[in-house]
Amino acid sequence: MTTMNETETRPAALVTGGSRGLGRAMGLELAGQGWPVVLVAREAGPLDQVVAEIRARGGRAHGIAADVADKDAVTAIVGRAAALVGTIDLLVNNASALGPVPLRLLLDTDCEDLERALQVNLVGPFRLTKAMAGPMVLRGRGTIVNISSDAAVEAYPRWGAYGASKAALDHLGRIWAAELEGTGVRVLTVDPGEMNTRMHADALPDADVRALADPARVARRIARLVEEGQGGGRVAVRIEDEETDGGAR
Amino acid sequence: MRAARTYPARRDDVRLLVVDVPAASVRESRTTRLPALLSRGDLLVLNDAATVPASLQGGTATGQAVEARLIAEDLERGAGHFWAVLFGAGDWRQRTEDRPPPPAVSPGDRLRFGQLDAEVVALSPLSSRLVALRFLNEPAGPDALWAALYREGRAVQYSYLAHELPLWAVQTVYAGRPWAFEMPSAGRPLSWEILLGLREQGVRWASLTHAAGLSSTGDGALDAALPLPERFEIPEATVAAIADAHRGGGRVIAVGTTVVRALEGRASAAADGVLRAGAGVTDLRIGPDHRRRVVDGILSGIHTSAETHFALLAAFAPLELLEAAQRTAESRDFTTHELGDAMLVLARRGPTG
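Line order of the protein sequences matches chains A and B. Counting from 1, position 58 in the first sequence corresponds to residue 58 in our numbering; the numbering is continuous, with no gaps. Counting from 1, position 282 in the second sequence corresponds to residue 282 in our numbering; the numbering is continuous, with no gaps.
Hints in this document: simulated from the structure, not taken from any laboratory. The beta-carbon is built from N, C-alpha and C at its ideal position, and this holds for glycine as well.
Quick list of simulated restraints, FRET-style, between CB atoms:
hint: 1; chain 1: B; residue 1: Ser-159; chain 2: A; residue 2: Val-153; range: 50 to 60 Å
hint: 2; chain 1: A; residue 1: Arg-55; chain 2: B; residue 2: Pro-107; range: 31 to 41 Å
hint: 3; chain 1: A; residue 1: Gly-231; chain 2: B; residue 2: Ser-39; range: 31 to 41 Å
hint: 4; chain 1: A; residue 1: Leu-107; chain 2: B; residue 2: Arg-5; range: 42 to 52 Å
A short list of chain B residues far from chain A (calculated; beta carbon distances all over 12 Å):
hint: 5; residue: Asp-98
hint: 6; residue: Leu-161
hint: 7; residue: Ala-324
hint: 8; residue: Asp-333
Please model the entire structure based on the sequences and the hints provided.
As structure tokens, then:
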């Protein structure tokens, strides 16, 4: 039977913030492992490049240009994704906003910058999870990964908007996990550590990039956490720990 | 009866008319009480289809207004092909019966919906308003087509509603793949509070996907032919859960007529009448003479006796009891349609029991 819904070979993954940094690396890693992936990002140009890169490597990928902070976009994101890849078993809430760039003291932070950080880092993941965890619970299987930060735990000056939004995301993840216990859907909060990404450069332009982790290696570790299929919780990935990285290239 | 014109304050808290066939009783309850109304060992089967924004406003090449409401994918012609019902000028605010007819179209004609072009490929013998469309999205392929449908389309809705329905409002809480062109609305009052409460009670749930089409077109000949053949997919796990429920003496409760059609249609089409997992298309029309093989009860909306849904209920309950339910619903001012009150018909176990 030919239909416009592609043949559903296996459950798929949806990754937000998929055009750059860790999101792009997650897309490449998951697709390399055989997951059909849907990448969501605001800018179509860089997103299309990642999709083309995955397809060139023989993977299955689709791009949806949308803003996860846009309330009206969420139902369409989830509907389009399911139309293209069918059942989605993995949601990676990776898209993040730093707040004011350069980073500012809270006393100098515009209210709009705090609101934007909360919309992208907290409310967007809530809406997407709400829309996507339902069918996962129905099937009794699925994983939600929220990308967090050590700024969610440590009170770093100038990281107020970002840190507060990620701390709220962490707690939201704990409550999701408590409510979804026994349903087969788990919630994993991952602190990926400091990575060599554009976001890091925006936040700390003078950082020594040699000390920063390669997002591809972090993505491999997160994909392994997903595959291992054990319970949820909060995990801090630190890439200098070569042994658990399983031989980095 | 009145149609509900807007959402209830809480999606899962509406009135529920319980038609108990073995007890020959009709009583009023609430959807929040569903866990208490079903028993350990019962199985609820849900249609997990998400609802596509299936109403497209546009025009012909000569600028005449036309609305297309997608009703089914055109599986014979394949990717990018749909069956659609055409309407003339206007939108959901007019009753479908009062809409001017669409401009006459012929195969080869072009239609344009916002930035999305389509070609009329064929007209149905059922009605010249039922047409096979091929979307001509640029670039070709499903990515751009679904982007365009979600950009240009709106949820299908009818004139009894007081306001436009956003797309999220026509999704169930467990909606997955977008196969439905109109909301499978029997599941609308179900919340996770209710579903998880049912499970705590020992009631299990299972799902299937059924491509619900349009419920009304305003075209007499076409409405008489509804529902058109609809495609479905029934997972192995659901077939196993149904067998388990029946083995343990539990009832299989379909949430909505789409679930009844998928399960009974699939089983009826098999030479031995046994339900098997898989994908298919059903044209089964269910009425009082239908011999149920799978489903022992149905949760649905409130329907008037003129609707085909009502005929389907007659496969579950004797006509006198349905008429008594109808009188109760009328005298107590139950509300109809997709945002309205609900009805639970618990039948005697079918022959499989």
